[in-house]
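Asks: Spelled out from the first residue to the last, the chains are:
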Amino acid sequence: MVSVGTGRYAVAADAVSRIMDPAQEADFRREAPAAEAVCGGARFPVVDLHSAVGQTPGPSCVYLVLEGGGGRVVVPVDSAEAIREVPAASIAPLPSFIFARDRRLFRGLFSDGRESRLLLDEGGLS
Amino acid sequence: MTGGPARGLIAFRVGATRAALPLACVREVVQNPGVVPVPGSHPHVAGVALNRGVALPVYDLLEFAPFWSSPAIGERPGGRPAPPHLIVCGFGEVLLGVLGDQVDLLEDHAPLDDPASDPGRVRREYLSGLLRSGGEVVALLDPERLFPSLGVPAERT
Numbered sequence: 001m002v003s004v005g006t007g008r009y010a011v012a013a014d015a016v017s018r019i020m021d022p023a024q025e026a027d028f029r030r031e032a033p034a035a036e037a038v039c040g041g042a043r044f045p046v047v048d049l050h051s052a053v054g055q056t057p058g059p060s061c062v063y064l065v066l067e068g069g070g071g072r073v074v075v076p077v078d079s080a081e082a083i084r085e086v087p088a089a090s091i092a093p094l095p096s097f098i099f100a101r102d103r104r105l106f107r108g109l110f111s112d113g114r115e116s117r118l119l120l121d122e123g124g125l126s
Numbered sequence: 001m002t003g004g005p006a007r008g009l010i011a012f013r014v015g016a017t018r019a020a021l022p023l024a025c026v027r028e029v030v031q032n033p034g035v036v037p038v039p040g041s042h043p044h045v046a047g048v049a050l051n052r053g054v055a056l057p058v059y060d061l062l063e064f065a066p067f068w069s070s071p072a073i074g075e076r077p078g079g080r081p082a083p084p085h086l087i088v089c090g091f092g093e094v095l096l097g098v099l100g101d102q103v104d105l106l107e108d109h110a111p112l113d114d115p116a117s118d119p120g121r122v123r124r125e126y127l128s129g130l131l132r133s134g135g136e137v138v139a140l141l142d143p144e145r146l147f148p149s150l151g152v153p154a155e156r157t
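These protein sequences, in sequence, are chains R and G.
For the first sequence, position 34 matches number 34 in our numbering, and the numbering has no gaps at all.
For the second sequence, position 109 matches number 109 in our numbering, and the numbering has no gaps at all.
Bound conformation, chain G alone (with noise of 0.2 Å):
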């Protein structure tokens, strides 16, 4: 999936949060994209993943404990397989993919201005807004806070 509508977006579920990126940030989506877990990670790397001859970092943002302003108790219930797709973003000349279940363009959304609108339990730091689609509240994630946060440099190291 690449290309579509510059200001597009991609959403998708993080336990029981509706998040999207923006599309333009987006390189593809994987399914079922073969983690393979890396001791000695940080805890919120789920491992790496062959992608086109790259060991691409994947992160798990439900075990990023600063992403969350409450413990995500019970949103991935033990023995349950991570999400199933493999968001691949682009930051500066890094590549990263972000695990994610349902993954689909939003299409139909609208802001949501209200200041007191009520994040859930992401923490406002990591969005740059907030949305209305379908009912429901989409956190907007910001790629230039949360990646960096991850500990991805914008550049190779």
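Isolated chain R (complex conformation) (with noise of 0.2 Å):
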């Protein structure tokens, strides 16, 4: 589970090969214009989740790198909080007509609690 802004957002735990703390890593560094992030000699390209869910970024970000679809992607997000087991039975797909675009940012939908969470695509982001 992780928080963008005020929502909080299921990532699949196999799709995180690394989570990135920019104040633990000595050489990791953004670079806007390319929407990239520098770390350990190696570029990701950087998905700006804050940005399509509509909220901004808070004081401190740590960094999701995924394996997607098409490789490697990093997500900044404000925090990650915990993981949970959710039996894939109980996630339902999103219906694909849904989405204004072809590539989308997530996937899936599961009961947590008394709230609904969205899982997100991983496979999507790259």
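Read the hints as simulated data drawn from the structure, not as lab findings.
You can trust all of the hints, since none of them are fake.
Some chain G residues close to chain R (C-beta under 10 Å, calculated; not the full set):
hint: 1; residue: Val45
hint: 2; residue: Pro57
hint: 3; residue: Gly151
hint: 4; residue: Val152
With the C-beta cut set under 8 Å, the calculated list includes, among others, these residues of chain R facing chain G:
hint: 5; residue: Gly54
hint: 6; residue: Ala92
hint: 7; residue: Pro95
hint: 8; residue: Arg101
hint: 9; residue: Arg104
hint: 10; residue: Leu109
Taking CB as the label site, the calculated pair distances span:
hint: 11; chain 1: R; residue 1: Pro87; chain 2: G; residue 2: Pro37; range: 16 to 26 Å
hint: 12; chain 1: R; residue 1: Asp112; chain 2: G; residue 2: Asp104; range: 24 to 34 Å
hint: 13; chain 1: R; residue 1: Asp14; chain 2: G; residue 2: Val137; range: 54 to 64 Å
hint: 14; chain 1: R; residue 1: Arg101; chain 2: G; residue 2: Gly34; range: 24 to 34 Å
hint: 15; chain 1: R; residue 1: Arg114; chain 2: G; residue 2: Arg7; range: 31 to 41 Å
hint: 16; chain 1: G; residue 1: Pro148; chain 2: R; residue 2: Arg103; range: 15 to 25 Å
hint: 17; chain 1: R; residue 1: Pro87; chain 2: G; residue 2: Ser70; range: 43 to 53 Å
hint: 18; chain 1: G; residue 1: Ala154; chain 2: R; residue 2: Asp14; range: 29 to 39 Å
hint: 19; chain 1: G; residue 1: Glu144; chain 2: R; residue 2: Glu25; range: 55 to 65 Å
hint: 20; chain 1: G; residue 1: Gln31; chain 2: R; residue 2: Ala52; range: 24 to 34 Å
hint: 21; chain 1: R; residue 1: Ser60; chain 2: G; residue 2: Asp101; range: 33 to 43 Å
hint: 22; chain 1: G; residue 1: Gln31; chain 2: R; residue 2: Arg101; range: 31 to 41 Å
hint: 23; chain 1: G; residue 1: Glu93; chain 2: R; residue 2: Ala26; range: 49 to 59 Å
hint: 24; chain 1: G; residue 1: Ser69; chain 2: R; residue 2: Ala52; range: 24 to 34 Å
For every residue, glycine included, the Cβ atom is placed at its ideal position computed from N, Cα and C.
Make the complex out of the two chains shown on their own, each in a separate frame, by following the hints.
Replies: Printed below as a string of structure tokens:
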């Protein structure tokens, strides 16, 4: 589970290859014009989830490195909060026809206590 | 709410407009459905709601510009929450939800046969007729025209 602004979303844990904290990574830097992050000599495209969901980033971010269908991307989130076991059968796929574009950020919905939670589509990000 | 008379209608309010759908296409009515907005979806998609294990697409007709002959200015003032009812409809193999207010069975109604009858702000192409009920004009929606226009396919994708 991650928080992005005031929203909470789910990311498949097996899609997260690394969580980078800029405060702990001496050579981490963001290159804004190219929307890339550089760390350990590797370049990662950055997906601006805050902008996509209409939120502004908090004072500190951690960066999820996600393995998607087309490669690795970096997604800044305000915090990575918890790991939760959610049976695959409990995740309802989102209908594709609701999306305005072919590229979509979310792929599923599941019940998380009293609320329903969207699941990020790591395959659609890269 | 399922079943009912074969030619029954369910009425609801979309902003200031009184509308109705054939009961034959309505599966149930859910109160306070818990709609989750989906970034990147069409503007008239209010979000999705979990309904019996299905992520139900939820449509807000007030946000569907082609449905209206003039902009819906002031019909949902800022800060007012979305309508509290979700009318779950079947369209072919697909289930979808339409947001509505003041949902009720429309039992006492009469057709307005005069072609000059005013449908209000709703475009006629989405209507199968106009009714009068309780001194008010009711726009009878045509699911076969409306739902595809919202982007809903009749078959699961």
